[in-house]
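For the record, the sequence lines run as chains S and V.
The first sequence begins at 1 in the numbering used here and counts up by one.
The second sequence begins at 1 in the numbering used here and counts up by one.
Honestly, the hints are just simulated from the structure, not real lab data.
Think of the CB as a built atom: it goes at the ideal place given N, C-alpha and C, for glycine as much as any other residue.
Incorrect hints may appear among the rest.
[Unchecked claim] If you anchor each label on the Cβ, the simulated ranges turn out as follows:
| no. | chain 1 | residue 1 | chain 2 | residue 2 | range |
| --- | --- | --- | --- | --- | --- |
| 1 | S | Ser176 | V | Val143 | 28 to 34 angstroms |
| 2 | S | Lys330 | V | Val14 | 56 to 62 angstroms |
| 3 | V | Ile144 | S | Gly30 | 27 to 33 angstroms |
| 4 | V | Pro134 | S | Gly192 | 35 to 41 angstroms |
| 5 | V | Trp91 | S | Gln367 | 58 to 64 angstroms |
| 6 | S | Gln367 | V | Ile75 | 54 to 60 angstroms |
[As the list claims (entries may be wrong)] Calculated cross-link-like contacts (lysine-lysine; reagent style DSS-like; alpha-carbon spacing at most 25 angstroms):
| no. | chain 1 | residue 1 | chain 2 | residue 2 |
| --- | --- | --- | --- | --- |
| 7 | V | Lys11 | S | Lys138 |
| 8 | S | Lys3 | S | Lys75 |
| 9 | S | Lys260 | S | Lys231 |
| 10 | S | Lys3 | S | Lys124 |
| 11 | S | Lys121 | S | Lys5 |
| 12 | S | Lys330 | V | Lys163 |
| 13 | S | Lys231 | S | Lys276 |
| 14 | S | Lys260 | S | Lys249 |
| 15 | S | Lys393 | V | Lys163 |
| 16 | V | Lys61 | S | Lys162 |
| 17 | S | Lys276 | V | Lys175 |
| 18 | V | Lys163 | S | Lys317 |
| 19 | S | Lys5 | S | Lys249 |
| 20 | V | Lys209 | S | Lys124 |
| 21 | V | Lys11 | S | Lys121 |
| 22 | S | Lys276 | V | Lys190 |
| 23 | V | Lys163 | V | Lys175 |
Read off the chains here:
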Amino acid sequence: MIKLKNVNFQYMGGNEAGGLSDINLSIPDGQVVLLCGRSGCGKTTLTRMLNGLIPNYYDGDLDGEILLDGENISKLPLYQTARKVGSVFQNPRTQFFTVDSTSEMAFGCENQGLPQEEIIKRVKQTAGQFAMQPLLGKNIFCLSGGEKQKVACASVSVSSPKIFVLDEPSSNLDISATADLRRLIQLWKQQGKTVVIAEHRLYYLRGLIDRILYLQNGEICAELSEQEAHKLSSDEQKEMGLRPFDLLKFPVKPRHPAHKQTFLCSDFAFGYTQSKHAINISSLELPRGEIIAVIGHNGAGKSTFARCLCGLEKKCKGMMTIGENRYDRKQRLTRCYMVMQDVNHQLFTESVEEEMFVSMALPEREQAASFLERLDLLPFKDRHPMALSGGQKQRVAIASALVSGRNILVFDEPTSGLDLQHMEEVARELTALQQIDKTSLVITHDYELIVSCCTYVLHLEHGRVQAQYCLDDAGIERLQEFFLGSR
Amino acid sequence: MNAVCDLPFEKKSVIPVDPRTKLFLTITVSTIMMSGSVGSVMNYIRPCLAILPVCLLLFSKRWKAVANFSLTYFILFALEIEVLPLLSGFWNFLLGALVGIYTHILPGFVMGYYLIDTTTVSEFVAAMERMYIPQKIVIPVSVIFRFFPTVIEEYFSISDAMKMRGIATLRSPMKMLEYRVVPLMMCVVKIGEELSAAALTRGLGAPEKRTNICRIGFGVVDILLSVIAVFCWAAFLIW
Chain S
1 MIKLKNVNFQ YMGGNEAGGL SDINLSIPDG QVVLLCGRSG CGKTTLTRML
51 NGLIPNYYDG DLDGEILLDG ENISKLPLYQ TARKVGSVFQ NPRTQFFTVD
101 STSEMAFGCE NQGLPQEEII KRVKQTAGQF AMQPLLGKNI FCLSGGEKQK
151 VACASVSVSS PKIFVLDEPS SNLDISATAD LRRLIQLWKQ QGKTVVIAEH
201 RLYYLRGLID RILYLQNGEI CAELSEQEAH KLSSDEQKEM GLRPFDLLKF
251 PVKPRHPAHK QTFLCSDFAF GYTQSKHAIN ISSLELPRGE IIAVIGHNGA
301 GKSTFARCLC GLEKKCKGMM TIGENRYDRK QRLTRCYMVM QDVNHQLFTE
351 SVEEEMFVSM ALPEREQAAS FLERLDLLPF KDRHPMALSG GQKQRVAIAS
401 ALVSGRNILV FDEPTSGLDL QHMEEVAREL TALQQIDKTS LVITHDYELI
451 VSCCTYVLHL EHGRVQAQYC LDDAGIERLQ EFFLGSR
Chain V
1 MNAVCDLPFE KKSVIPVDPR TKLFLTITVS TIMMSGSVGS VMNYIRPCLA
51 ILPVCLLLFS KRWKAVANFS LTYFILFALE IEVLPLLSGF WNFLLGALVG
101 IYTHILPGFV MGYYLIDTTT VSEFVAAMER MYIPQKIVIP VSVIFRFFPT
151 VIEEYFSISD AMKMRGIATL RSPMKMLEYR VVPLMMCVVK IGEELSAAAL
201 TRGLGAPEKR TNICRIGFGV VDILLSVIAV FCWAAFLIW
């Protein structure tokens with residue numbers, strides 16, 4: 001039984017978003033609770049209270065009581081809370097303490113000082129339940145994002161806490177890994193565990209949730225059952241900034257195939273090891289000036305294809321042909337640009353304007369300003385790029401690509417972990433790029449993003465082109481089959 | 001103490017050598033080779049100690065490393081025996097010093113390479129815990145092992161980003177350093193913060209004595225290698 005009484009919290013440093021005010025809540029054992037709401041509404045903060053990271057790790061002003069079976073969590077040391085509450089976080093890269101998946105599974109129990117035999121028994125049992133024996137004994141750095149998240153969930157499960165707290169666990173997962181995650185949560189539910197999930201993507205939780213808490217500006221402002229949530233009209237959902245429970249209900253706009261010019265990628269073959277090709281595409285013709293969704297399961301070669309296209313893989317000898325011009329790898333480095341998933345990697349300077357200058361052969365203030373204006377960045381031109389919001393950083397990266405005259409832009413999962421509103425913002429940006437005749441390739445697992453803005457689909461599987469089609473009526477059906485058929 | 005654990009772990013070694021033996025050997029080889037004492041017995045022991053780590057690499061099927069280190073050894077000895085006597089004065093001194101430094105340090109380095117290349121982090125942590133090294137040292141060391149590959153991953157991402165922007169070459173070196181280091185710091189700080197939050201929610205830092213299920217232990221090979229090392233120490237200290 002979790003009980004929150006008159007809880008208020010404000011992060012150290014004051015006006016930052018994510019504080020909570022006047023939370024009264026009780027969660028009986030065995031309930032599966034979904035926390036939803038816009039970015040910065042306080043979902044993550046609430047999860048941090050349950051696992052004790054607030055106030056023991058993140059500083060701030062806390063008052064009120066957070067009780068777990070009558071004990072005040074905020075007064076307990078973290079290692080005691082850890083026995084009762086297990087946590088899974090958003091980023092699969094940063095929640096491992098060891099380098100070996102078996103050691104990671106045992107880590108929680110080892111910290112409790114349980115006897116060896118007991119730990120070994122539990123690890124085996126959990127691996128069996130989660131059907132993940134093949135993942136044991138692997139180096140964590142050799143696992144895919146989905147596999148890492150599975151190991152993370154399993155590791156928490158090994159120490160069998162009563163309560164599981166998940167903070168946006170699906171943001172970096174593809175469809176089949178998300179389906180796996182659903183099965184794990186289902187298993188916990190069957191075992192009678194309490195599960196609290198903060199999440200933007202809702203479709204995969206359909207049928208699992210007992211109770212939905214909708215947060216806004218740090219307050220719980222609605223409480224629904226799942227049935228009630230399904231009855232919300234799409235306008236109401238949009239108003240609340242929620243992604244749909246049923247992907248099919250999300251509004252789609254079929255595009256009309258326009259006969260445009262194309263560009264050709266030939267002989268794109270590349271492998272990380274000599275024996276196996278990560279991609280092997282002899283010839284691929286793609287339309288110019290479209291927003292192309294690149295889809296496929298984890299390990300299909302989407303990112304590798306994007307890296308080769310941008311000229312980042314030296315061993316890939318492929319050629320790109322646009323009209324009469326042929327571009328080899330080095331020329332592609334200056335023609336294409338990738339907006340990375342972690343956009344922090346590609347911002348280098350001390351101000352947004354300087355960021356533009358670095359990309360220009362001859363720094364010209366007016367030209368830079370015109371591009372910044374187009375992306376609504378002009379008011380921030382003197383700000384430090386790292387002080388901007390996630391969406392603004394992404395736009396700075398785009399602007400730096402445009403200012404150096406790139407025509408092909410590649411986006412690597414631009415909407416992972418974004419709420420509906422921010423996802424729509426990205427969709428608008430992509431549409432704006434199409435209007436100025438740029439070609440965008442968007443690597444994504446986000447169905448909602450694809451139907452909001454993409455016009456063409458490239459489906460890769462096992463390093464080869466599985467299908468490519470325009471997103472007209474028939475195309476949307478194929479896309480839905482890919483996303484819903486594989487559930 | 002030694003429960004039968006048939007859980008699979010990441011495996012790097014081919015011959016089963018306990019990390020503690022490897023550590024002991026590393027200390028032995030580097031100390032004895034570095035100190036450069038010469039005596040009747042030492043004239044035999046020193047070459048043996050130089051070759052030992054290469055043999056261990058050979059048994060561990062690290063072909064490339066074996067080839068590289070053997071070649072380096074060969075060149076160094078060829079220089080020492082064939083070229084050094086032909087030179088005189090300053091050049092003799094310079095080459096002699098250079099070769100001397102290498103032959104003294106390289107074996108220890110090769111041994112260290114063997115230690116790191118064939119030991120997984122879990123084994124190493126288990127070994128430290130068995131040696132009763134306090135948690136205050138074990139935890140930071142395991143964090144470092146965890147952190148290194150992460151920092152390297154981040155570093156390559158940043159390099160890629162610089163290539164795409166066309167700022168990887170030329171221009172002032174100070175700027176280049178800044179462009180590399182500033183984003184790297186940002187990422188590393190963030191990763192470190194998330195990593196420690198995750199570790200704390202898994203109960204790290206509890207006052208109980210930690211258990212460790214990683215299986216390490218001494219075998220025949222360990223005994224053999226330890227005997228060799230002890231003999232070398234005896235020879236080293238007595239003669």
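Here is what the structure says about each hint:
At roughly 33 angstroms, the beta-carbon separation of serine 176 of chain S and valine 143 of chain V lies within the given 28 to 34 angstroms, and the hint holds. The hint said 56 to 62 angstroms for the Cβ distance between lysine 330 of chain S and valine 14 of chain V, and at roughly 41 angstroms that hint is violated. The hint said 27 to 33 angstroms for the Cβ distance between isoleucine 144 of chain V and glycine 30 of chain S, and at roughly 41 angstroms that hint is violated. Here the CB-CB span from proline 134 of chain V to glycine 192 of chain S is close to 40 angstroms, well matched to the stated 35 to 41 angstroms.
A beta carbon spacing of about 60 angstroms between tryptophan 91 of chain V and glutamine 367 of chain S agrees with the range 58 to 64 angstroms that was offered as a hint. The hint said 54 to 60 angstroms for the Cβ distance between glutamine 367 of chain S and isoleucine 75 of chain V, and at roughly 57 angstroms that hint holds. Taking the CA atoms of lysine 11 of chain V and lysine 138 of chain S, the gap is near 9 angstroms; set against the 25 angstroms cutoff, the hint holds. A distance of roughly 14 angstroms separates the Cα atoms of lysine 3 of chain S and lysine 75 of chain S; the hinted pair therefore holds under the 25 angstroms criterion.
For the given pair, lysine 260 of chain S sits about 42 angstroms from lysine 231 of chain S by alpha-carbon distance, which is inconsistent with the 25 angstroms threshold. Restraint check for lysine 3 of chain S and lysine 124 of chain S: not satisfied, since their Cα atoms lie roughly 34 angstroms apart, outside the 25 angstroms limit. For the suggested pair lysine 121 of chain S and lysine 5 of chain S, the alpha carbons sit about 39 angstroms apart, so the restraint of at most 25 angstroms is broken. Among the hinted pairs, lysine 330 of chain S with lysine 163 of chain V is consistent with the structure: their alpha-carbon atoms are about 10 angstroms apart, no more than 25 angstroms.
Pair hint lysine 231 of chain S plus lysine 276 of chain S does not hold up; C-alpha atoms about 49 angstroms apart against a cutoff of 25 angstroms. For the proposed pair lysine 260 of chain S and lysine 249 of chain S, the alpha carbon gap of about 31 angstroms is over 25 angstroms, so the pair is violated. A distance of roughly 19 angstroms separates the Cα atoms of lysine 393 of chain S and lysine 163 of chain V; the hinted pair therefore holds under the 25 angstroms criterion. Restraint check for lysine 61 of chain V and lysine 162 of chain S: not satisfied, since their Cα atoms lie roughly 47 angstroms apart, outside the 25 angstroms limit.
For the suggested pair lysine 276 of chain S and lysine 175 of chain V, the alpha carbons sit about 39 angstroms apart, so the restraint of at most 25 angstroms is broken. Of the supplied pair hints, the one linking lysine 163 of chain V and lysine 317 of chain S holds, its CA atoms being roughly 17 angstroms apart against a limit of 25 angstroms. Under the criterion of a C-alpha separation no larger than 25 angstroms, the hint pairing lysine 5 of chain S with lysine 249 of chain S is inconsistent with the structure, at around 37 angstroms. Among the hinted pairs, lysine 209 of chain V with lysine 124 of chain S is consistent with the structure: their alpha-carbon atoms are about 23 angstroms apart, no more than 25 angstroms.
Distance restraint check for lysine 11 of chain V and lysine 121 of chain S: the Cα-Cα separation of roughly 21 angstroms lies within the 25 angstroms cut-off, and the hinted pair is therefore satisfied. Distance restraint check for lysine 276 of chain S and lysine 190 of chain V: the Cα-Cα separation of roughly 35 angstroms exceeds the 25 angstroms cut-off, and the hinted pair is therefore not satisfied. Distance restraint check for lysine 163 of chain V and lysine 175 of chain V: the Cα-Cα separation of roughly 15 angstroms lies within the 25 angstroms cut-off, and the hinted pair is therefore satisfied.
Going through the hint list in order, the structure does not satisfy hints 2, 3, 9, 10, 11, 13, 14, 16, 17, 19, 22.
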